[in-house]
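Undergrad: Given next are the chains, with one letter for each unit.
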Amino acid sequence: MTSIAEIPPVVQSARAHGLKAVFQHARYVMRENPVTGFAFLMFLFFVLCATIGPWLVPHDPLASNTAQALKPPSALNWFGTDQLGRDIFSRVVVAARLDLAIAISSVLLVFAFGGLSGVAAGYFGGWTDRIVGRICDTIMAFPLFVLAMGIVAALGNTVTNIVIATAIINYPLYARLARSEANVRRDAGFVHAARLSGNSEGRILLMHILPNILPIMMVQVSLTMGYAILNAAGLSFIGLGVRPPTPEWGIMVAEGASFIVSGEWWIAFFPGLTLMLAVFCFNLLGDGLRDIVDPQRRT
Amino acid sequence: MLTMIARRMMLAIPSIVGVIVVTFLLTRVLPGDTAAYFAGPAASAQAVEEVRVKLGLDQSIPVQFASYVGDLLRGDLGASLTTGRPVVTELAARLPASTELTLAALLLSLVIAVPLGIIAAVRNDSWVDHFTRIFTTAGVSLPVFFTGLLFVYVFYFLLGWAPAPLGRLDVFYSSPPEWTGFFLIDSLVAREWETFRAALAQLALPTITLAVFSLAPIARITRASMLNVLASDFVRTARAAGLSGGTVVMRYAFRNALLPVITTLGMVFSFLLGANVLVEKVFAWPGVGSYAVEALLASDYAPVQGFVLVMAILYVLVNLAIDLLYGVVDPRMKVEG
Numbered sequence: 001m002t003s004i005a006e007i008p009p010v011v012q013s014a015r016a017h018g019l020k021a022v023f024q025h026a027r028y029v030m031r032e033n034p035v036t037g038f039a040f041l042m043f044l045f046f047v048l049c050a051t052i053g054p055w056l057v058p059h060d061p062l063a064s065n066t067a068q069a070l071k072p073p074s075a076l077n078w079f080g081t082d083q084l085g086r087d088i089f090s091r092v093v094v095a096a097r098l099d100l101a102i103a104i105s106s107v108l109l110v111f112a113f114g115g116l117s118g119v120a121a122g123y124f125g126g127w128t129d130r131i132v133g134r135i136c137d138t139i140m141a142f143p144l145f146v147l148a149m150g151i152v153a154a155l156g157n158t159v160t161n162i163v164i165a166t167a168i169i170n171y172p173l174y175a176r177l178a179r180s181e182a183n184v185r186r187d188a189g190f191v192h193a194a195r196l197s198g199n200s201e202g203r204i205l206l207m208h209i210l211p212n213i214l215p216i217m218m219v220q221v222s223l224t225m226g227y228a229i230l231n232a233a234g235l236s237f238i239g240l241g242v243r244p245p246t247p248e249w250g251i252m253v254a255e256g257a258s259f260i261v262s263g264e265w266w267i268a269f270f271p272g273l274t275l276m277l278a279v280f281c282f283n284l285l286g287d288g289l290r291d292i293v294d295p296q297r298r299t
Numbered sequence: 300m301l302t303m304i305a306r307r308m309m310l311a312i313p314s315i316v317g318v319i320v321v322t323f324l325l326t327r328v329l330p331g332d333t334a335a336y337f338a339g340p341a342a343s344a345q346a347v348e349e350v351r352v353k354l355g356l357d358q359s360i361p362v363q364f365a366s367y368v369g370d371l372l373r374g375d376l377g378a379s380l381t382t383g384r385p386v387v388t389e390l391a392a393r394l395p396a397s398t399e400l401t402l403a404a405l406l407l408s409l410v411i412a413v414p415l416g417i418i419a420a421v422r423n424d425s426w427v428d429h430f431t432r433i434f435t436t437a438g439v440s441l442p443v444f445f446t447g448l449l450f451v452y453v454f455y456f457l458l459g460w461a462p463a464p465l466g467r468l469d470v471f472y473s474s475p476p477e478w479t480g481f482f483l484i485d486s487l488v489a490r491e492w493e494t495f496r497a498a499l500a501q502l503a504l505p506t507i508t509l510a511v512f513s514l515a516p517i518a519r520i521t522r523a524s525m526l527n528v529l530a531s532d533f534v535r536t537a538r539a540a541g542l543s544g545g546t547v548v549m550r551y552a553f554r555n556a557l558l559p560v561i562t563t564l565g566m567v568f569s570f571l572l573g574a575n576v577l578v579e580k581v582f583a584w585p586g587v588g589s590y591a592v593e594a595l596l597a598s599d600y601a602p603v604q605g606f607v608l609v610m611a612i613l614y615v616l617v618n619l620a621i622d623l624l625y626g627v628v629d630p631r632m633k634v635e636g
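Protein chains in written order, with the working numbering: chain A, 1 to 299; chain B, 300 to 636.
Note that these hints are calculated values from the structure, not bench results. Keep in mind that the hints are not guaranteed to be accurate.
[Unchecked claim] What follows is a set of in silico ranges between Cβ atoms, one per label pair, in the way DEER data are often shown: (1) B:L465 with A:L62: 28 to 38 Å; (2) A:K20 with B:W460: 50 to 60 Å; (3) B:L616 with A:S197: 46 to 56 Å; (4) A:P244 with B:T382: 46 to 56 Å; (5) B:F430 with A:L56: 44 to 54 Å; (6) B:R306 with A:R195: 35 to 45 Å; (7) B:L616 with A:L277: 33 to 43 Å; (8) A:V35 with B:L596: 39 to 49 Å; (9) B:S531 with A:A188: 25 to 35 Å; (10) B:L616 with A:D187: 32 to 42 Å; (11) A:L277 with B:L465: 25 to 35 Å; (12) B:M549 with A:D137: 34 to 44 Å.
Note that the Cβ used here is the ideal one computed from N, Cα and C, for glycine as well.
Only chain B is shown next, with the shape it has when bound in the complex (with noise of 0.2 Å):
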């Protein structure tokens, strides 16, 4: 097991190896002058010059790749130039708000999705059928910037039913002590139950929203696994000795179906780090999307750099999450690993 799980980690370096690369590529490309643009329109030319050698973009280019690897192994990714304050300490701040709106966004559409992918192959061609191949191909379909706005003007603006889109928190709450800065646990470890209310209101709708989006391949590849699966002479054999049909289901085909369904996951945590950033923008949500949308939007280039490494190697960590979970689940992967 322990060297399985060094094997898969020893795989995961060349994908991070080369995220480190890209984003440094990136920075180069800039059109014009890399020192001009970190050093902000209003810069003078003495000034553009001070940056050059301070960023030591005035060195050849294995010296300067070199100097960015130091960097990022100390922990440093630069500093905004709106804020002046460092990216990696406000990255970090607003790190949790991004993964509990992911988390909880994933969590739901798996409580959804999966069990409508296995009632649509199940009772393959009934209603349940249809509507999820309708459900699953619009699901896909969706803007999430524009179903967010939606949900905000039916349940917001029509109904009454959820807060203002403005963020995390009502302004007439404080956040929970910080803990583990996701805010629906560290009120409920702080026993205040009127702030992981409020907390889980505001949670909502970006949850339901980023859900949504992220329900329709999941459902899609569960409906289809486990129509594969269910045709499957193991199945036919389970079935023909007597088994309940719950239990062929559930203990047989389900845990065979589950491998793909698994695999989905990645990409599917691809998409929902995309969408992730638009969900921000539209509620307003105080994580690291919206960080970076601000800097891009104001030319400020740092904060974008770190935001696309920090995002590439937390994708990177949860595909290796996902294949060790592979391990996991699927016992051959173990003899073979």
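Extracted from the complex, chain A is given alone in its bound form (with noise of 0.2 Å):
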């Protein structure tokens, strides 16, 4: 079937070395689904929107000017004014940082616990399997925003607290897939090798199972990325960790709702909407990587 030529560029990249594999390979990946190139383009603006964004918006996104409040998009303000007269277009701009820095935070916080104790889980197999199991299992017995509700009740009204409560909710998510994917591997080829050439069992996990379950992983989290963003903002959205003044989407919707009946439609609308395409954005970059990394999932 496959010619010479025709060898996917894939097989090509694992021949070619350091930055030049990694651009063959996601040039491979945006011909093959020009979606997931566009998310990713998308995922690139809307870091850079975080990075270097509060130094490129044309108004102070805290200052108010009364005189303006409830102006309409204009060419002065893009995105119109708000009850306070501040610019809409700069403060999502400028929201993008927070919003995005409570995701990854509590990505990167699930991706440590509940990868760590469900590839333990998976490998040790035994109490360790049962303790993380229960845990799950009772996590999933909630609800899970009102859980985070509950906890961001009782934790205290913070935006750390926010952090927490999105990781501890995605955790049975994380734990799942670590556990039965150690477990897949616990009796492989390469872990007995491992193991014959003198290993400790905590050497095997850590350098052994947790590297090969790694792109796996890495899917889970870009396709858990946009719940935890839509998390986060829902919780701002009815009040919690973020307060105002801070730009924030959730809360800037929130802030908007009010105007809505009124007609004053782009206080709501802006902040939602880029909310939306940035959890669109991380929905479709994982699903494209999860077509790459584990073509037997898809639906």
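Can you join these two chains into the complex? Each is in its own frame, and there are hints to help.
TA: Printed below as a string of structure tokens:
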């Protein structure tokens, strides 16, 4: 079927080295699935907003100017102004940093805890497995957003606790995935080989099994990233965590909500749209990555 | 059949125990003094001490847990600080509003998502299929509070089709005589057609908002599971035996494809119960979610704790019901059970 000329670039990239390989692989991914390429570009855009956005925005996101309050989108204020005359465009761009920071830190947190405990549960089995399984079952017994509300209420109404709550409700996903992937590999040839060459159990777990399941875990990261953003924005929409006047997408939608019924749509619309695009971007990216890493799970 | 139901119910018990332990722990990890927290921000030192003794916080943790469980068994979830009324009464009064909304949304999304998923699978790679795929990815990306507000803007402000997003019933109508607590059913039972129409109008937008959100996972799993089943040997055999396309799809394929869909309903319900809180806030819906949000913002902890507990127990029961339904749909489960 495949002639020499048609060897997929992914095979070639295995032979290439360093940066060149990365670029080759990226080009292959983009060509194979343009939607993933598009999502990746959108992702880069959001990362740019989060990193250098605050220096680029035309207005101070916190400066109020009551003379300019509730103005619809114009050449001066691209997304209009809110009830205090603040520039919504600047606020939306600046908010990217906080929203992404919350999502990324919660995902990293759950990646570390869920991944490690899941791998240990799958590899060692026995009581480790039972404890991790029991914790997962208990978390899954709650409607997740409701549990997040309860956790934030109990720990205190701060951004840090939003991160923790989001990490906790995602824990079962990570722990179960890591558990099943580690469980499949516990009797694999490379594990026996590692053991025979004198590696300790802990070292096999961390240096052999964990790197092996990393690609699948990374797919999980990008799949849950969108959910983490959505969850954090939902919590701040009901008034938890982020406090005004901090620019954050969820709280900006909440601030604009009361103006919707009187027709000032732009206050809630632009932050909401941006939030939606960010989540959409991560979901597409996650789907695309999964198709590449683990084609069998494609739905 | 009965033994199967009993066995399933036994399986739900660890979940309920877990839920109770977690809600208990949540009250104990409050930063600072729990008694001061429950007594409210304006309480004097003496009042805090009284609350401490009243709540039994001067006892050891196991004793506290025992009394917490005892209170739960007696149906006592404490009282709200702001209203002074028992949490149980408030939750019971507001639960029908939330349940009506959630069930209506679930029904609507099932009615749309299942046929959509079937068509997308049967006409694989057609425009319906592509539309479904885009729609399902977009659907899970939608922040419900944002789509809710969009709907309010378009259908209330611009078009004027929907009533103002202010609760279950316009102020001009009185609520129907209470029977189930579901306004749609109660007004029908009382033959108050006008009230039924008004309640339906209020219910429409929040229901659609929630349904759009829960549509996506259902349509997606229906499509995936139908595709799977349609590729199986028994479908090929049925086709080869000359059965019509409709019979094969509906009688043979669909019944088998239904099982993963039912399993997903549990997850969908988890999403729905969470999204409910947000939608209730957008539409000023007088349900348990908005009650909990108000209490949360007022640092009134007992209602929040009660809300989390009630939602979790409801969710465990829903999962139990789904398990039982699974047994009904799939006769093989009965034999094994």
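Undergrad: Hint by hint, note whether the structure agrees.
TA: Each hint, compared with the structure:
no., hint, result
1, B:L465 with A:L62: 28 to 38 Å, "32 Å, holds"
2, A:K20 with B:W460: 50 to 60 Å, "58 Å, holds"
3, B:L616 with A:S197: 46 to 56 Å, "53 Å, holds"
4, A:P244 with B:T382: 46 to 56 Å, "26 Å, violated"
5, B:F430 with A:L56: 44 to 54 Å, "37 Å, violated"
6, B:R306 with A:R195: 35 to 45 Å, "40 Å, holds"
7, B:L616 with A:L277: 33 to 43 Å, "37 Å, holds"
8, A:V35 with B:L596: 39 to 49 Å, "40 Å, holds"
9, B:S531 with A:A188: 25 to 35 Å, "30 Å, holds"
10, B:L616 with A:D187: 32 to 42 Å, "40 Å, holds"
11, A:L277 with B:L465: 25 to 35 Å, "30 Å, holds"
12, B:M549 with A:D137: 34 to 44 Å, "36 Å, holds"
Hint compliance for this structure: hints 4 and 5 are not met, and every other hint is.
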